[in-house]
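Visitor: Sequence:
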Amino acid sequence: MRFQFKAVIALLLAVTNIAFADSTIAPISTPTRLLVLGETFSDLPVLWDAGEPFAPVGDWMSALKLHWRVRSEGIEFEAPNRLRFFWAKDSTNVTVNERSVEVTPLRQQEGVFLIPLVSLARALGLTAIVNSEKKVVKLASPLKEIETSQTDFGLLVSITFGYPLPTFPKTGVLRQPDRAYADFTGAALSSVNLPTPPELTPLTGFRVGQFSDDPLILRFVADSTAPISIAVAGRELTSDGCEKWHLVLQLPGKRPQWLGQIIVRENSPTRAVFLLFGWLGGELSLKQEATTLITTIPAKPIFASDLTMPSEGLAKNAYLESDERNTKLVVELREPANAYWQLEGDLGIAIIVELASQRPKQVRLIVVDAGHGGKDPGAMSPPRRDKPRLIEKELTLDIAFRLKRLLEQVGYKVLMTRTDDTYVPLPTRVAIANSVQAHAFVSIHLNSYPQPGGQWGTEVYYWTPQSYPLAESVYRHLLALLGRKGNGIRQRQLYVVRNTNMPSVLVEACYLNHPEEEELLRDEGFRERIALAICRGIMEFFGDLRTLERRGD
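Going by the numbering used here, the letters in the sequence shown line up with residues 92 to 644, in that order.
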């Protein structure tokens, strides 16, 4: 009996030891919040062991833009900063681009590799911020260095981070006191030496701080005694895998043209976008020849431009050509498409190339009326010694031909009231539209003001209630693509919009005798955008184009 009692006690102790051993060998995964360069992954099953969190291979790695391949003996990694390494499952060291990094070995659970996050951060050049009590882990790109250099176009500020950031910095200016800032999402503060502002400038100092902890946002600030502007000039990878962002600080009243860098922002089967970091004052020229788009830029890029296509899309190839003064961005397309440019705030200018989103739901006839003509020249720009005067009748005909081409490309039929420098009386223009029973009538004009330079911006006129939706659609697209001041949609008893039977509008795109808008009208790329905006407005009115998102100021 005594022997049997001892045997039972021994068996119970053995079972207890086995259960205890199992609990130490296989800890239970805990729902954890993981922030990767500012992107949040909630309730991720993370294994917490010896103070280090282990996350299963999964979608969260895409936030680091990692490419990985799981093999039976470990994981192959390739990072966007050209870092490559193989992490063997039992290894305590990995070789990252000939650099040895000490790591905690990988774990496996139900056939899935678990990655030690602190070790991964060390290998990639990230900062890991771990809160084991709240079960929160943050992987961030650490601040490495801030440098400045004086240039002909402003002060260049270069900020280096340990790992590529996922988005462009958000820049802006604040008043009372004057200062400019740049916010870097996914970046973590670390100790760096701040440069001294150059003499004989309004800049008084630089600051950097952790603007937000959730998500992590690092803010750079330039203090000043006068208003300044800030813009992104470009980014580049350093030889050691860090990412360097370049910013330009300028006095708003003294902003010479400059071009930092050109990158491919998007390339889908129906749309391609090229981003030009810089300040160009709107002086771009777009020229289309079949499937080739040539953009002439009045500056040379400061930094190397990456025109590698991220995917197979509308743009087949792109390259730069330069002479002493200009740079040409040449884009080879897979098929003809519409191209225009628009301002992208402090990021610079976007060149947008896109196919029409869809064909018209039915064939429609649009009458395009080029204002004035023949003995009626319309408005004229003020005389200049160095430039010929712009004449409204010539520009309206140019824009009308462009609009005709764009409308026909997407499937509309177009009839023009004049195709050369001919005087067509207003009753004849109306009679043409009414006799063919057109679906819409658009009259193209350019405005003038009694005092040259006294007024500028865009207006669209209508008279009948059926015409207001067309006027509203065209007006909104003009403001979006031209970026000029909106003077409103105006109901007036103008002859051609009062006497036509179909929806009719008269467009005053901008002012010929305003110096800035006069220069814009000399650019055929700007006139192309006027035509494209009217085309999009017509398509939206007929339900052939998805509605342009309405945005606040």
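Among these hints, one or two may not hold up.
Computed beta-carbon distance windows for the label pairs [unchecked claim]:
#1 Pro518 to Ser402: 25 to 35 Å
#2 Leu517 to Gln453: 27 to 37 Å
#3 Gln500 to Gly634: 46 to 56 Å
#4 Ala441 to Phe177: 38 to 48 Å
#5 Lys478 to Ser402: 56 to 66 Å
#6 Arg475 to Pro401: 43 to 53 Å
#7 Arg190 to Asp243: 35 to 45 Å
#8 Thr555 to Glu412: 25 to 35 Å
Pairs of lysine-lysine residues, derived as DSBU-like cross-links and limited to a Cα-Cα distance of at most 35 Å, are as follows [claimed, not checked]:
#9 Lys180 to Lys156
#10 Lys478 to Lys495
#11 Lys407 to Lys156
#12 Lys478 to Lys235
#13 Lys391 to Lys225
#14 Lys504 to Lys576
These aren't lab readings, by the way, just hints derived from the structure by calculation.
Everything numeric in this text was worked out from a predicted model, so none of it was measured.
A virtual CB, placed ideally from N, CA and C, is assigned to each residue, including glycine.
Visitor: All the hints need checking, so say for each whether the structure fits it.
Guide: Hint check results:
no., hint, result
1, Pro518 to Ser402: 25 to 35 Å, "violated, 54 Å"
2, Leu517 to Gln453: 27 to 37 Å, "holds, 30 Å"
3, Gln500 to Gly634: 46 to 56 Å, "violated, 18 Å"
4, Ala441 to Phe177: 38 to 48 Å, "holds, 40 Å"
5, Lys478 to Ser402: 56 to 66 Å, "violated, 43 Å"
6, Arg475 to Pro401: 43 to 53 Å, "holds, 45 Å"
7, Arg190 to Asp243: 35 to 45 Å, "holds, 39 Å"
8, Thr555 to Glu412: 25 to 35 Å, "violated, 50 Å"
9, Lys180 to Lys156, "holds, 22 Å"
10, Lys478 to Lys495, "holds, 28 Å"
11, Lys407 to Lys156, "holds, 24 Å"
12, Lys478 to Lys235, "violated, 51 Å"
13, Lys391 to Lys225, "violated, 51 Å"
14, Lys504 to Lys576, "holds, 31 Å"
Of the numbered hints listed earlier, those contradicted by the structure are 1, 3, 5, 8, 12 and 13.
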